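Residues per chain are reported as follows:
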Amino acid sequence: DAGITQSPRHKVTETGTPVTLRCHQTENHRYMYWYRQDPGHGLRLIHYSYGVKDTDKGEVSDGYSVSRSKTEDFLLTLESATSSQTSVYFCAISGQPQETQYFGPGTRLLVL
Amino acid sequence: DQQVKQNSPSLSVQEGRISILNCDYTNSMFDYFLWYKKYPAEGPTFLISISSIKDKNEDGRFTVFLNKSAKHLSLHIVPSQPGDSAVYFCAAGGSYSGAGSYQLTFGKGTKLSVIP
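Protein chains in written order, with our numbering: chain E, 661 to 772; chain X, 220 to 335.
Isolated chain E, as found in the complex:
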């Protein structure tokens, strides 16, 4: 299994509070991704990173920001959490071949 961890694994927060999720990898892979999974939607890309300090938006980026200051860490921040951001969040990484992504265990977030 690819060395990917996510923290926290579970979080309950209130509407309007900031939340940061962390993805940590030990594979030294260049590409990292944040997805959310919701019933009836499959996996949708939020943001991705193609190197340290290099990030770009995905399909559902509104309300989210990311940062990558080290190769091994990719942070996802909800600036002001809303109930619509209640979801399961997955981090993924890819190296060579780039086409295959490997996923972390997920973070279950509940926004009340």
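Hints may be right or wrong, so weigh each one.
Claimed, not checked - The following label-pair restraints were derived from C-beta to C-beta distances: (1) S727/E x G302/X: 34 to 44 Å; (2) V297/X x S729/E: 45 to 55 Å; (3) A260/X x E674/E: 20 to 30 Å; (4) D220/X x G723/E: 14 to 24 Å; (5) E674/E x V297/X: 45 to 55 Å; (6) V297/X x G676/E: 44 to 54 Å; (7) L770/E x H295/X: 30 to 40 Å; (8) S270/X x D714/E: 19 to 29 Å.
Said to hold, decoys possible - Quick partial rundown of chain X residues pointing at chain E, CB under 7 Å, derived from the structure: (9) Y251; (10) G262; (11) P263; (12) F265; (13) G312; (14) S320; (15) Y321; (16) F325; (17) G326; (18) K327; (19) G328.
The set of hints was computed from the structure by calculation and includes no laboratory data.
None of these values were measured; they are calculated from a predicted model.
Don't be surprised by glycine CBs; every beta carbon is placed ideally from N, CA and C.
Given the coordinates of chain E, work out where chain X should sit on it, guided by the hints.
The following block gives chain X in isolation, referenced to the frame of chain E:
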């Protein structure tokens, strides 16, 4: 607009029989296809992939077939085992962003139940 469709939300199969999971796509630029398996409370696990230059790829009990003219791929599991019970996601990719990142588009998943 859904570019990758898994039209069957669920599938039940008897242990030992063949499981066939289907996936359709609309974007003719897709050139690489993957299947992932997901157990509850875990992350998706890569299962098998196929490039558009092939029409079949096999790995043990798992075989993926690609029909480019029909824009259709399928995953065959033979024989099916109770441990195969999971949600299966089809994914497709075919474009690199300006930064060189390869994007995948996922279907909504099919829940497979293998009955002992």
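How the hints compare with the structure:
Here the CB-CB span from S727/E to G302/X is close to 39 Å, well matched to the stated 34 to 44 Å. In this structure the hint that V297/X and S729/E lie 45 to 55 Å apart at CB holds, the actual value being about 47 Å. Evaluation of the 20 to 30 Å hint for A260/X and E674/E yields a pass: the beta carbon distance comes to about 24 Å. Checked against the hint of 14 to 24 Å, the C-beta distance between D220/X and G723/E comes to roughly 22 Å, which is consistent with it.
Checked against the given bound of 45 to 55 Å, the beta carbons of E674/E and V297/X, roughly 49 Å apart, stay inside it. For V297/X and G676/E, the hinted distance range of 44 to 54 Å is satisfied, since their beta carbons lie about 52 Å from each other. For L770/E and H295/X, the Cβ-Cβ distance of about 38 Å falls inside the hinted range of 30 to 40 Å, so the restraint holds. About 27 Å separates the C-beta atoms of S270/X and D714/E, a value consistent with the hinted range of 19 to 29 Å.
At its closest, the beta carbon of Y251/X sits 5 Å from a beta carbon of chain E; the interface hint therefore holds under the 7 Å criterion. A least Cβ separation of about 4 Å between G262/X and chain E falls short of the 7 Å threshold, and the interface hint therefore holds. The criterion of a C-beta within 7 Å of any C-beta in chain E is met by P263/X, whose closest approach is roughly 5 Å, and the hint holds. At about 6 Å, the closest approach between the beta carbon of F265/X and any beta carbon in chain E falls short of 7 Å, and the interface hint on this residue holds.
Checking G312/X against chain E by beta carbon gives a least distance of about 6 Å; that is within 7 Å, so the hint holds. At a threshold of 7 Å, the smallest CB-CB gap from S320/X to chain E is about 5 Å, leaving the interface hint in force. Interface hint status for Y321/X: upheld, as the beta-carbon distance to the closest one in chain E is roughly 5 Å, under 7 Å. About 4 Å separates the beta-carbon of F325/X from the nearest beta-carbon of chain E, less than 7 Å, and the hint is met.
A hinted interface residue such as G326/X counts as satisfied when its beta carbon comes closer than 7 Å to some beta carbon of chain E; here the least separation is about 6 Å, so the hint holds. At its closest, the beta carbon of K327/X sits 4 Å from a beta carbon of chain E; the interface hint therefore holds under the 7 Å criterion. Given hint, G328/X at the interface with chain E, holds; its Cβ is 6 Å from that chain's nearest Cβ, closer than 7 Å.
This entry satisfies every hint, going by the numbered hints stated previously.
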